[in-house]
Amino acid sequence: MAGLNEIINRIPQSSFEKVSDDLVKLLLGSANADKVPEGLAKGILLSWECDELTKPSGLRTLLEASMIAEKDKTVALLQGLGIQV
Amino acid sequence: MEGMAMFKFGIEFVPTDVYWKVIYHAIQAEKAGYDYVWITDHFNNRNVYVLLTNIAVYTNKIKFGPGVTNPYMIHPIMTAQSMASLNDMAPGRVACGLGTGDKTTLDMVGVERAKPLAAVREAVRIIRDVTTGKAVKLEGEVFKVAGAKINFKVANPIPIFVGAQGPKMISLAAEVGDGVLINASHRKDFEDAMGHIKEGASKACKKLDDLEVVAATSFSVHEDAAKAQKAATIVAAFIVAGSPEPILQRHNISIEAANKLRDAIAKGMWKDVFANVTPDMIEAFSIAGTPDTCIEKIDQLRKIGVTLFITGSPIGPNVRDSINLIKNKIIPHFK
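Line by line, the protein sequences give chains H and S. For any residue, its number in the numbering used here is found by taking its place in the first sequence, counting from 1, and adding 1. For any residue, its number in the numbering used here is found by taking its place in the second sequence, counting from 1, and adding 205.
No lab work stands behind these hints: they were computed from the structure. Keep in mind that a hint or two might mislead.
[As the list claims (entries may be wrong)] FRET-style restraints, in silico, Cβ to Cβ:
1) S/Phe-357 - H/Gly-4: 45 to 51 angstroms
2) S/Met-313 - H/Gly-40: 31 to 37 angstroms
3) S/Lys-354 - H/Lys-74: 50 to 56 angstroms
4) S/Met-211 - H/Met-2: 54 to 60 angstroms
5) H/Cys-51 - S/Met-313: 36 to 42 angstroms
Even glycine gets a Cβ: it sits at the ideal position worked out from N, Cα and C.
When you get a sec, could you build the whole thing from the sequences and use the hints?
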């Protein structure tokens, strides 16, 4: 599997908003949300407060968190959007 | 429309979820144009002040507070200290919701709900005195305080919203509170309440305009009305089960029907709970439907005198989507 930065680089800028929205939806609906590490949870909140969840840094935080909470669903989500993982 | 400029929105969260999800939604509420976020205070959920501290950190303009804290569970002197400390972090953004309801929770910890009117009157005095820098000396019926004072200044007055349901408590809330917070969703409840609010306000020589009249509703919005109503069903069941007889009578709900729900809830028979909630119950105890239906019902409450409308649990089948609907279709109608 590609590294997180590599995956982020493969997401076209035009899809940032869609990917961000889908990852947030996945995380908020996850029964494993309590497994998201403290630093990532705080990173998500800080990025959300600053409207940066659709920027590469915010996407990376979301992706890292969703890979921990819902790895299979995250991979399927990205592949469904045509992003190689 | 008259009064429209003053109309405010609040949102209430029950912190059953991991903290960062609640804070995510609080940030979302701020971005959506809400004026207040309230966190419920129950010993069996996440601690209200941990959540509120995080809301202070991650938001910048939305007001926030416990909605509501119970003086039988938390001594008002500690509530005053918590509110004052939060106000240090977010001056002018803190509000205190206070109420003596929720007998079920009090029973669980063996706390007697004695003299609720005296408890509220005294708790409001203690919180107000402490947060305005005074030493509290009180030989009350419920609380006795011998000169307690905090050692730091509070930059601004902290408004106190008193939760109320019965006529005497509604009147007292208007008399001693900065806001009257009524847990109800139907216009009939507010038509009935307004007389008691006016009575209480006049006792304290207050104008009605000086008071916030708050509708803390069970709210559920979705573009598909059936989905919105389905999400509201379980909340309506709990409200019916916990409502006193006069409230049930006001909405033509029989004691037998309420008892059936109480039994089913007590036994955890959730299929029976769902089966026994009628559309009339959902109508009486929630605002659930499409954005247009919700706007119509919110406007009915506004015209009766409600100045702050709280979208409470469940908010919708999916909280994030529903807040977005409220942001895009409901709040703009009133602001």
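Q. Which hint numbers doesn't this structure obey?
A. Every hint satisfied by this model.
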